[in-house]
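Trainee: The chain contents come next:
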Amino acid sequence: MIEWVNTVLQGILTGGLYALFAAGLAIIFGVMRLVNITHGDLIVLSAFVAMVAIDVMGFNPFISLVAVLPIMFVFGYILQRSILNFTLGDDLLPPLLVTFGLSIVIQNLLLQIFSADSQRIKAGSLEILSIQLYENLSVGVFPLIVFIVAVFIIIGLQYLFSNTRIGRAFRATSDDAVTAQLMGINDRHIFSLSMALALLIVGIAGLFVGISTNFDPSAGPSRLLFAFEAVIMGGLGSLWGTLAGGIILGVSQNIGAKLDPGWQILAGHIAFLVILVFRPNGLFPRMRDD
Amino acid sequence: MSLLEVNNLDAFYGDFQALFGINLAIEEGEAVAIIGANGAGKSTFLRSVSGLVTNTADAINYRGMDISHRAASDIVGQGIAMVPEGRKLFPSLSVEENLLIGGYSQRAGAWNLERIYGMFPILKERRDVAGTALSGGEQQMTAIGRALMANPELILFDELSLGLAPIVINDIYESLPTIKQEGVTLLLVEQDINKALEVADRVYCFQEGRVSLTGVPRNLTKDSIAAAYFGSDK
Ligand SMILES: Nc1ncnc2c1ncn2[C@@H]1O[C@H](COP(=O)(O)OP(=O)(O)OP(=O)(O)O)[C@@H](O)[C@H]1O
Ligand SMILES: [Mg+2]
Numbered sequence: 006m007i008e009w010v011n012t013v014l015q016g017i018l019t020g021g022l023y024a025l026f027a028a029g030l031a032i033i034f035g036v037m038r039l040v041n042i043t044h045g046d047l048i049v050l051s052a053f054v055a056m057v058a059i060d061v062m063g064f065n066p067f068i069s070l071v072a073v074l075p076i077m078f079v080f081g082y083i084l085q086r087s088i089l090n091f092t093l094g095d096d097l098l099p100p101l102l103v104t105f106g107l108s109i110v111i112q113n114l115l116l117q118i119f120s121a122d123s124q125r126i127k128a129g130s131l132e133i134l135s136i137q138l139y140e141n142l143s144v145g146v147f148p149l150i151v152f153i154v155a156v157f158i159i160i161g162l163q164y165l166f167s168n169t170r171i172g173r174a175f176r177a178t179s180d181d182a183v184t185a186q187l188m189g190i191n192d193r194h195i196f197s198l199s200m201a202l203a204l205l206i207v208g209i210a211g212l213f214v215g216i217s218t219n220f221d222p223s224a225g226p227s228r229l230l231f232a233f234e235a236v237i238m239g240g241l242g243s244l245w246g247t248l249a250g251g252i253i254l255g256v257s258q259n260i261g262a263k264l265d266p267g268w269q270i271l272a273g274h275i276a277f278l279v280i281l282v283f284r285p286n287g288l289f290p291r292m293r294d295d
Numbered sequence: 027m028s029l030l031e032v033n034n035l036d037a038f039y040g041d042f043q044a045l046f047g048i049n050l051a052i053e054e055g056e057a058v059a060i061i062g063a064n065g066a067g068k069s070t071f072l073r074s075v076s077g078l079v080t081n082t083a084d085a086i087n088y089r090g091m092d093i094s095h096r097a098a099s100d101i102v103g104q105g106i107a108m109v110p111e112g113r114k115l116f117p118s119l120s121v122e123e124n125l126l127i128g129g130y131s132q133r134a135g136a137w138n139l140e141r142i143y144g145m146f147p148i149l150k151e152r153r154d155v156a157g158t159a160l161s162g163g164e165q166q167m168t169a170i171g172r173a174l175m176a177n178p179e180l181i182l183f184d185e186l187s188l189g190l191a192p193i194v195i196n197d198i199y200e201s202l203p204t205i206k207q208e209g210v211t212l213l214l215v216e217q218d219i220n221k222a223l224e225v226a227d228r229v230y231c232f233q234e235g236r237v238s239l240t241g242v243p244r245n246l247t248k249d250s251i252a253a254a255y256f257g258s259d260k
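As they're listed, the protein sequences go chains A and B.
The numbering of the first sequence is our numbering, which starts it at 6 and goes up by one.
The numbering of the second sequence is our numbering, which starts it at 27 and goes up by one.
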């Protein structure tokens, strides 16, 4: 019994990381209907950036974010403003194709610079510290930190979107970019800011991925897949939904792995399919009257 | 110097030319109406002034400054707000948020939520519902309030009466004199000719992308308006 509690608990914590993958994707899709195929590669890219900041410049893993986050934010803004804005329109296909191409470019670039070797960001004792909750039941401190950070990021994003001037501008632009311009909102700037914001979260997710798992230049697409599944299960565009989707994915993967180590990933995909069959619009579909 | 002076404006949708050499001027404090049949180019004119339609004007001078090449998102900051055809409220924003987003450009001025709610008390009651859950008239009030929140010197109204019951149209039009008294200049496009002639100091009639008539309402006869509206052969 306690083993199963443990399995579910670890799954929930993993779900926090998946929610972080998913939140950035959800923001980008929500604000500009852009399906970003590069998302997973950007997570891996930021893990490499963090690795360089830590290994080369000698930063502590968490302090490395001081360098990583501004880099990712500026990179996201420029990427959107100089390339991706030009792919936006009524057709979803051009941004899909361009971000697919970009995904390949980033993977190859990372391969050239860092080789195909598997990497890991070292976080010292944090990797093994754990809290004993009960006999035979303990949680790792690091997964717990990741989960708590994910929850706070989602609370923060929810606040930003619901209660601030820029959040209203994000939502208005998402509703109707032309009418938004009549309000004095520069839609191109808002799109670029939303990508920059998404890449801030990617920056944090990248560091966490780098600490919790091995990564290499080709690790992006599977992160993208987890992010997609979490976003779609949550109901496109709902931030709390991404957390719910992430947790379902994490828990089902852990249950699968417990039944048979080979079933981990498969169990996640099956949960995804089951949810889609019963709730085609996800768990928390966005309410829209139009 | 006129508040707004449009010189020789042509406007295009791709290869299709919708406006031909429009000249139009508005003095500060005036209420000017543009009337005309469906497809005459009235909305296109307002959208050109707002920067939403590509146009080749000799100049669109606003307070003597050419704004014809400005981005749409810069125009409202100059003091020109628009109440678009069909209201175009933001569906995922509440009524109050729709009003607040109207003030996004942060132009200084006397308009704020409280004054909008004073003018349209029903909006205060319904401030937390989605803009799209309102009746047509309430939506139009929200769209007017949203434009006022920008503290504009000139408001462009596109078909305030569209799809509304006569009694509701009257309610909406009652707010215009109040707005005008605040020193806001009004340019309204209207299908409802009687309403337009009631509030306007001057009228322009558009026909197939050209100005077919201009004048002061009391000097215009029914026949002259009909000719300008439909063309002389009808
Ligand atoms: N987005 C568009 N693309 C192509 N043609 C357009 C577009 N919008 C308007 N037109 C054309 O431009 C002309 C002028 O249209 P406009 O909407 O300005 O007329 P209007 O006077 O506002 O008519 P209404 O009274 O129906 O609102 C019409 O022939 C219309 O078909
Ligand atoms: Mg029109």
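These are calculated hints, taken from the structure and not from any lab test.
A few of these clues could be false.
Some chain B residues well away from chain A (every beta-carbon gap over 12 angstroms; in silico) [claimed, not checked]:
no., residue
1, L29
2, D100
3, I106
4, F116
5, S120
6, G144
7, A176
8, R244
9, L246
10, D249
Here are some, though not all, of the chain B residues that point toward chain A, as calculated from beta-carbon distances under 10 angstroms [claimed, not checked]:
no., residue
11, N87
12, G90
13, L119
14, G129
Just so it is clear, CB atoms sit at the ideal spot from N, CA and C, and this is done for glycine as well.
Trainee: Now tell me, hint by hint, if it's right for this structure.
Mentor: Going through the hints against the structure:
no., hint, in the structure
1, L29, "19 angstroms, holds"
2, D100, "8 angstroms, violated"
3, I106, "10 angstroms, violated"
4, F116, "4 angstroms, violated"
5, S120, "10 angstroms, violated"
6, G144, "22 angstroms, holds"
7, A176, "7 angstroms, violated"
8, R244, "34 angstroms, holds"
9, L246, "31 angstroms, holds"
10, D249, "37 angstroms, holds"
11, N87, "20 angstroms, violated"
12, G90, "21 angstroms, violated"
13, L119, "6 angstroms, holds"
14, G129, "8 angstroms, holds"
Hint compliance for this structure: hints 2, 3, 4, 5, 7, 11 and 12 are broken, all remaining hints hold.
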